[in-house]
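Going line by line, the protein sequences match chains A and B.
Okay, so the first sequence: first residue is 813 according to our numbering, each after it adds one.
Okay, so the second sequence: first residue is 8 according to our numbering, each after it adds one.
No lab work stands behind these hints: they were computed from the structure.
Predicted model, so just to flag it, every value in this text is computed and none were measured.
Just so you know, not all the hints are guaranteed correct.
[As the list claims (entries may be wrong)] Just a sample of chain B residues kept apart from chain A, beta carbon distances all over 12 Å, derived:
no.: 1; residue: G69
no.: 2; residue: R98
no.: 3; residue: K179
no.: 4; residue: L249
[To be verified] In silico lysine to any residue, SDA-like type, Cα no more than 20 Å apart, as pairs:
no.: 5; chain 1: B; residue 1: K179; chain 2: B; residue 2: A223
no.: 6; chain 1: B; residue 1: K179; chain 2: B; residue 2: P281
no.: 7; chain 1: A; residue 1: K957; chain 2: B; residue 2: P281
no.: 8; chain 1: A; residue 1: K957; chain 2: B; residue 2: V140
no.: 9; chain 1: A; residue 1: K1108; chain 2: A; residue 2: P1096
no.: 10; chain 1: A; residue 1: K957; chain 2: B; residue 2: K179
no.: 11; chain 1: B; residue 1: K179; chain 2: B; residue 2: V140
Even glycine gets a Cβ: it sits at the ideal position worked out from N, Cα and C.
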Amino acid sequence: MTPLLEVRDLRKHFPVRRGLLQRVTGHVKALDGVSLDLASGECFALVGESGSGKTTFGRCVLRLEEPTSGVVRFQGEDLLALSPAELRERRRHFQVVFQDPYGSLNPRMRIQSILSEPLEVHDTVPETERAERIEELLTLVGLTKDAGRRFPHEFSGGQRQRIGIARALAPEPSLLVADEPVSALDVSVRAQIINLLVDLQNRFGLTMIFIAHDLAVVEQTADRVGVMYLGRIVELGATRDIFAAPQHPYTVSLLSAVPVADPARRRDRILLEGEPPSPLSPPPGCPFHPRCPIAKDRCRQEEPALTGSTDSRQVACHYPGELEPEGLGLSANGTF
Amino acid sequence: METLLAVDSLSVSFPVGDHWVPVVRGVSLDVGAGEFVGLVGESGSGKSMTAYAILRLVPDPGRITGGRILLDGEDLLGLSDARMRSVRGARIGMIFQEPMTALNPVFTVGFQITEAVRVHHRVSKREAELEAVRLLDLVAIPAARQRLEDYPHQLSGGQRQRVMIAIALASKPDLLIADEPTTALDVTIQAQILELLERLRRELGLAVLLITHDLAVVAETCARVVVMYAGQVVEEAPVETLFAAPAHPYTRGLLTAAPGLGRPGARGELATIPGQVPEMARLPTGCAFHPRCSEVMDECARENPDVYPLSSEHRARCFLHGTPASRSEAS
């Protein structure tokens, strides 16, 4: 089966300009060679800390940002080769939900206008049926039909995120990129939005890229996970496998750093020292080696490639699996 | 454990139109000397406003409308502004969510720490600098002496938060109030900062009041937890008790709604709390949580429950654990 989305060696380098003449003095490699296949109907999560390149990946795939190099094929078609007009036409097939439900809705537009816009642009629904379709969308995301006449400020954060989701679903896309869709929401509302996204994904067979920094949210939603560090994917695999037996020392430490809502399992964390290095001057060899508890000489010289079969687990580490979560109290009771 | 801070029936209100809307409604809580206490709630629960009120920093036009705040038995609400200024900082330090906005961008880190040292202690500039280096070492900033010359924008988010903590510690306070100190930070950096707070508590005997929306952060660090909803304390318990046997339906809901690593039922429907946090100006009658509660009873809509004790250390504001005042008076 051809994948819905194929990404090959995607790179995005931002030039850094300095001085009076604004000469380019270096590049921030926000995305440094990411390859990925997404099957239709799959929920893929991309996790990493700020600056890891996960948001840039989402934006480059949607061509909200022009990648420096690489290939993005959507249903077999090269997106990067499309003209602006062709791209606009294809956009209805891939939509995005943003993190900030306060900043992503125009405060001067009524909800019905916000939802009507994608229908007009893509002309998927005849004008006479648009009002009906808007009511349908509102019901779909759990809002009342009369919400259409109101303005964004009349809604809470969670309700605004529902409107954002309804807008993304309006042109009936097959790929949805959700960029930290619940990070700005309260805990009791987060679960509602996650359930809604999972439910919609199942109902419409949506393919979803779920970008998150919160591993706990990902465990509940994703089929597969990719872990990013400094613009590269360092580990990729089925969610269950990654959480049960992380292979890359960064994944192990990341899981170890997540606080667990159970005081009885308060444990000795692997405390990563230092902070992610600047993507402006990544260290030689493995980009993770300055923080890695098990770094050896080879890691300081040679950059590990992402290896393993593409349909199961891939790890970019010279010594995968050597930093074991067991010794750190992670899997004391069989799970974590 | 000796009680360091005792907040008793604290109320804070804000004027809306021509009447006052209470945002903190009779909050009582204690922090013992050297104790790590978590104050948990969602946005709008009044947890941050409670912290500001403890420091008497309620922003205008808000007012503290009732209650007492006892620090070592002395009521802070009765102090003159000048006396209060010396308590603030000297005895209670505070750190905030966004360290970038709390630091002055045009002064070096060294200047800001030495300034804090000299406000509270009569020392020479040289001595203050030595103390600044010691404080930066204490909060584990590498190459402390060189960092004194840095400006805040040259530091990462985690390092800025460490600098904020160093400034808060300059006056050797007994209590540190930390308002969502790790919310803006990455998870590996969050773990470092939480570890640092716990080490400071252990080594300096510092009491910490940690204000957070994240129950998992509380589980990792605190000894005791106070849960707030709609301006009131709804439950208070030692951390093990709260997580093993939560008594208030809101606490139970929060615990099951928060996705957690390796929790039973992973990869499936998450339990949710229906509806949303009410607006303080339009609170429901009776118990503020009753429209969202899965165990709602008739009396919940009529009457706001008291705080009922479940044990000497565990209390909850819910009729599941006590009889309505109206009924007990009648009987």
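Results of checking the hints against the structure:
no.: 1; hint: G69; verdict: 22 Å, holds
no.: 2; hint: R98; verdict: 29 Å, holds
no.: 3; hint: K179; verdict: 26 Å, holds
no.: 4; hint: L249; verdict: 8 Å, violated
no.: 5; hint: B:K179 x B:A223; verdict: 29 Å, violated
no.: 6; hint: B:K179 x B:P281; verdict: 45 Å, violated
no.: 7; hint: A:K957 x B:P281; verdict: 19 Å, holds
no.: 8; hint: A:K957 x B:V140; verdict: 61 Å, violated
no.: 9; hint: A:K1108 x A:P1096; verdict: 13 Å, holds
no.: 10; hint: A:K957 x B:K179; verdict: 57 Å, violated
no.: 11; hint: B:K179 x B:V140; verdict: 15 Å, holds
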